[in-house]
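Here is how the chains run, residue by residue.
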Amino acid sequence: MKTSNSPFPLNAWYAAAYDVEVGRSLLARTICNQKLVLYRQENGAAVALEDACWHRLLPLSMGRLEGDEVVCGYHGLHFNGQGRCTHMPSQETINPAACVRSFPALEKHRFIWIWPGDPALADPALVPDLHWNHDPAWAADGKVIRVACDYRLVIDNLMDLTHETFVHSSSIGNRAVAEAPFVATHGDRTATVTRWMSNIEPPPFWGNQLRAERGYTGLVDRWQIIRFEAPCTVTIDVGVAEAGTGAIPPGGNQGDPALSDRSKGITGRVLNTITPETDKSCHYFWAFARNYNLTEQRLTHQFREGVSGIFREDELVLEAQQRAIDEHPDHEFYNLNIDAGSMWARRLIDGLVAKERPNQGVIPIRRAA
Amino acid sequence: MKTSNSPFPLNAWYAAAYDVEVGRSLLARTICNQKLVLYRQENGAAVALEDACWHRLLPLSMGRLEGDEVVCGYHGLHFNGQGRCTHMPSQETINPAACVRSFPALEKHRFIWIWPGDPALADPALVPDLHWNHDPAWAADGKVIRVACDYRLVIDNLMDLTHETFVHSSSIGNRAVAEAPFVATHGDRTATVTRWMSNIEPPPFWGNQLRAERGYTGLVDRWQIIRFEAPCTVTIDVGVAEAGTGAIPPGGNQGDPALSDRSKGITGRVLNTITPETDKSCHYFWAFARNYNLTEQRLTHQFREGVSGIFREDELVLEAQQRAIDEHPDHEFYNLNIDAGSMWARRLIDGLVAKERPNQGVIPIRRAA
Amino acid sequence: MKTSNSPFPLNAWYAAAYDVEVGRSLLARTICNQKLVLYRQENGAAVALEDACWHRLLPLSMGRLEGDEVVCGYHGLHFNGQGRCTHMPSQETINPAACVRSFPALEKHRFIWIWPGDPALADPALVPDLHWNHDPAWAADGKVIRVACDYRLVIDNLMDLTHETFVHSSSIGNRAVAEAPFVATHGDRTATVTRWMSNIEPPPFWGNQLRAERGYTGLVDRWQIIRFEAPCTVTIDVGVAEAGTGAIPPGGNQGDPALSDRSKGITGRVLNTITPETDKSCHYFWAFARNYNLTEQRLTHQFREGVSGIFREDELVLEAQQRAIDEHPDHEFYNLNIDAGSMWARRLIDGLVAKERPNQGVIPIRRAA
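Residue numbers (our numbering), protein chains in the order written: chain A, 341 to 709; chain B, 341 to 709; chain C, 341 to 709.
No wet-lab data here; the hints were simulated from the structure.
Any given hint might turn out to be false.
Remember, identical chains collapse to one label, so a pair may be satisfied in a single copy or spanning two.
Calculated pairs, SDA-like style, for lysine to any residue (alpha carbon to alpha carbon, straight line, at most 25 Å) [what the hints assert, rightly or not]:
1) K695 / T433
2) K375 / F673
3) K620 / I665
4) K375 / N675
5) K604 / D463
6) K620 / N593
7) K375 / D670
8) K620 / D666
9) K620 / T370
10) K483 / L461
11) K375 / H671
12) K375 / E653
13) K483 / G558
14) K375 / Y674
15) K620 / N373
16) K448 / A694
17) K448 / T532
18) K448 / N351
19) K375 / D359
Go ahead and model the full structure; you've got the sequences and the hints to work with.
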């Protein structure tokens with residue numbers, strides 16, 4: 341375990357799996373450099389244990405479930421959901437020190453969340469808000485992909501959507517995104533980037549939706565309201581409306597979103613939570629939710645696969661970027677105007693890390709002139 | 341070559357190959373971190389040379405055999421069975437220093453053995469006893485597999501057969517093995533674990549044998565007498581007999597095996613010698629020998645493939661264990677009662693290593709309460 | 341970039357690609373540990389830029405060409421052929437420091453050459469002479485292969501052709517090469533090995549040529565005049581003539597090649613330039629040129645594929661040798677008589693490196709008695 345220099349706080353809830361991934365079998369997954377075995381007890385509650393037997397370190401995930409306990413696949417030691425050894429082969433007395441680490445785990449918004457840090461601090465109220473993922477007023481579906489990069493590169497990617505113009509030109513990107521102004525704001529744990537685009541050609545993805553749902557084929561007003569919640573969750577309010585029908589609130593990027601009239605538009609939410617696997621890899625959980633045409637399964641399927649293809653384009657860029665960073669270990673990065681949102685996200689992350697580990701080195705960032 | 345911190349003695353005979361693997365061609369194999377080229381001279385005697393030409397280090401195994409000499413595949417230098425260079429291209433005079441290292445080699449019990457340490461100490465009488473492998477009173481067959489783990493993990497595995505219950509439940513393991521008591525004893529170079537199991541259900545492998553050979557389908561007495569000979573050979577006397585027919589000697593695990601009456605049983609020997617390839621990989625040579633129905637080739641074939649499948653289950657566990665050890669370099673291991681045999685084996689190995697290299701670090705072992 | 345200890349000078353022209361490899365798309369290639377993106381401007385001139393965007397390090401080769409500029413595939417920054425950033429997304433002002441490194445590049449003898457060192461020293465007159473590769477009096481064709489070894493091992497290989505006897509016995513090697521005497525001479529930037537072989541059996545490759553071109557099947561005089569030009573180009577004048585017809589100049593290896601009468605022979609040039617990719621890998625560019633039967637495309641094809649097969653034999657040897665060197669980092673090499681040519685080549689290379697980096701460690705070479 342090399343967590344001392346890691347670029348993430350440990351005292352946070354991290355999505356470890358989609359709810360359906362964890363059941364009555366043993367799932368091995370690494371979260372924040374910690375190898376875990378995940379399973380559900382007979383009452384359905386999720387359990388997360390260190391994935392290494394106390395005796396000879398064999399991954400417990402190579403064993404089997406017996407009731408609420410894991411049986412090691414080498415010498416048959418039993419461990420309960422608290423990680424305590426309850427049976428050893430060929431001996432009556434059990435060493436009281438015999439246990440593996442157990443991690444706080446809970447289920448919310450269709451994810452199993454685990455807390456890699458101090459269990460005493462694991463407040464369920466701190467799970468980030470991704471309620472759209474199971475709200476009956478929304479239809480949502482998504483995937484998890486493993487990306488071979490520092491999870492913060494995914495955050496950077498999501499906090500600046502000008503990259504859509506260059507990476508995703510065939511689907512959601514067009515010149516308008518890179519050209520439109522935006523506003524970046526921030527709070528104690530959140531950073532927000534707001535970009536309203538007025539009277540533009542819709543990109544293919546949205547143009548197709550608006551035609552299908554509203555029979556509308558003209559210019560649109562488009563919005564992207566990106567909200568980061570430290571350390572690793574990003575929800576994006578996205579959509580388009582018929583141009584000039586009041587979707588853009590008075591004041592535009594500076595205005596009050598509550599004054600937006602979206603009655604002539606369609607709205608989606610891109611839900612993202614990116615869990616560090618190691619310092620240089622992550623599990624990227626995402627879903628796309630819409631609040632219209634909820635029961636059309638074809639649409640849900642099409643969105644899931646469409647977004648999946650778009651994120652595949654990001655994956656290629658992000659992994660290449662990680663390799664380049666590894667080859668330039670001392671590189672000092674300069675920020676452009678477009679990096680304002682990710683810069684705030686990074687500062688919030690750095691603050692959480694510094695609070696836990698005061699001597700944690702933080703990559704210096706300079707701003708381009 | 342990184343032998344200084346290696347977890348094995350150099351002054352020992354190690355099986356380098358099955359007899360049939362070495363012939364009139366060049367075989368490359370690494371033994372104890374030493375790359376070797378093996379071949380037979382025209383008189384059949386096995387030769388083991390350092391596998392790197394004196395001139396430009398090209399592996400000699402990429403060259404060819406000419407009479408009793410190896411010809412390098414790059415510039416044609418010749419080396420004889422003692423490793424001395426006998427020909428250089430385009431020059432008359434041969435540098436007297438031009439030679440590669442030659443290792444003591446001999447053939448016994450169907451293996452080619454080599455001695456990686458001081459040739460002056462290479463006493464043929466020290467080859468471990470594996471005579472069942474070519475004794476006409478036994479029918480034996482086996483294989484060699486490469487396992488990506490420290491050879492001592494294989495020794496640990498063989499010295500405690502309670503793992504059969506958990507790793508090999510479909511063939512040779514059942515609950516009886518993990519529950520039966522055992523006795524561990526040791527000598528200067530050997531350690532023995534004896535486990536007699538009385539009046540039990542036979543596991544599938546042995547039940548099938550006893551039915552086929554004796555027409556017997558009831559409960560059995562079963563035995564496992566595991567004998568380790570330092571540094572890396574383990575022979576296991578295994579078998580079952582009709583329950584209560586005198587196979588278990590008076591005194592059971594403490595009794596005298598010579599007083600066992602196996603006339604209503606069947607006996608096998610599991611022969612194992614595990615040669616370090618590197619610090620973290622090994623060549624696992626094994627054979628299974630029986631002393632009944634010797635000429636039934638179908639049975640020999642079936643045993644070889646059956647045991648091969650069982651050892652494949654071990655291989656998965658052992659390689660996972662090695663990876664886990666690599667990830668926890670400072671882990672301190674605790675021993676259970678079942679580890680008594682392997683603990684003695686490790687001590688004998690550590691003793692041999694310490695004698696050769698007094699400053700060799702030895703992994704500390706603590707015993708669980 | 342780890343060039344400080346690299347075994348090659350930076351102030352030299354290195355072949356980066358065959359002319360046909362570089363066009364109106366982006367080619368990624370690493371030269372002397374430097375990742376480059378290569379392309380042609382609209383006027384056909386080759387450009388070589390550092391392959392990492394100034395902003396977030398994404399390889400520019402993952403972007404696209406727009407006119408004479410590269411557009412980064414992540415955020416759309418533009419860089420011109422001098423490496424200067426000419427456009428940034430969402431901002432008017434461009435940071436004047438925003439640029440990537442540009443390398444001197446030119447096209448000559450069918451290769452694109454780049455100069456990784458000080459641009460002020462990049463004198464076009466220093467491109468090595470490989471004119472046979474596009475001279476209408478010669479028919480030439482070749483390939484580029486990546487070899488996983490220090491480029492100097494390829495130089496060693498070419499400077500001593502006795503290896504033909506052992507590595508290429510089925511094509512160009514026979515006993516005569518290893519047995520024939522040779523002479524090695526050197527200048528400031530060049531080293532030459534001359535070997536005339538009188539009245540010998542031709543090896544298959546040349547025997548076949550002489551029969552086809554001249555209807556001659558007897559003994560031959562054969563020559564190999566190997567010329568190294570520092571740091572990494574080797575041209576070899578090769579051929580055979582009917583024995584005793586005056587091809588061998590008076591004085592043989594010591595004689596004046598200008599006095600050779602090759603009218604009863606056939607001549608080829610093996611052109612080689614070996615560009616370091618990293619310290620332990622290289623791009624090996626080669627071509628074979630002949631000055632007879634120029635328009636016979638079948639012959640060009642056959643030579644290219646024949647030589648390609650021969651060099652594949654070298655590749656196996658060279659990569660095995662590199663692995664062996666990596667396993668013996670402190671090995672001290674001894675030289676044989678046959679190493680005279682490569683020893684001079686190495687000294688010339690070491691001299692160039694030492695001039696650039698006075699403290700560069702140089703591998704000591706001792707000569708065998």
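Hint check results:
1. K695 / T433: neither (42 Å within a copy, 37 Å between copies)
2. K375 / F673: between (32 Å within a copy, 18 Å between copies)
3. K620 / I665: For K620 and I665, the Cα distance is within 25 Å both inside one copy (10 Å) and across copies (21 Å).
4. K375 / N675: Answer is between; shortest inter-copy Cα gap is 23 Å, intra-copy 35 Å.
5. K604 / D463: neither (40 Å within a copy, 66 Å between copies)
6. K620 / N593: neither (35 Å within a copy, 54 Å between copies)
7. K375 / D670: between (29 Å within a copy, 16 Å between copies)
8. K620 / D666: Both: 9 Å inside a copy, 19 Å across copies.
9. K620 / T370: both (12 Å within a copy, 24 Å between copies)
10. K483 / L461: neither (29 Å within a copy, 55 Å between copies)
11. K375 / H671: Answer is between: at 15 Å across copies they meet the 25 Å cutoff, but 31 Å inside does not.
12. K375 / E653: between (28 Å within a copy, 22 Å between copies)
13. K483 / G558: Neither: 32 Å inside a copy, 54 Å across copies.
14. K375 / Y674: So K375 and Y674 pass the 25 Å test across copies only (20 Å; inside, 35 Å).
15. K620 / N373: Intra 10 Å, inter 23 Å, cutoff 25 Å: intra and inter.
16. K448 / A694: Close neither inside one copy (28 Å) nor across copies (56 Å); limit 25 Å.
17. K448 / T532: within (23 Å within a copy, 55 Å between copies)
18. K448 / N351: within (18 Å within a copy, 61 Å between copies)
19. K375 / D359: within (19 Å within a copy, 43 Å between copies)
Going through the hint list in order, the structure does not satisfy hints 1, 5, 6, 10, 13 and 16.
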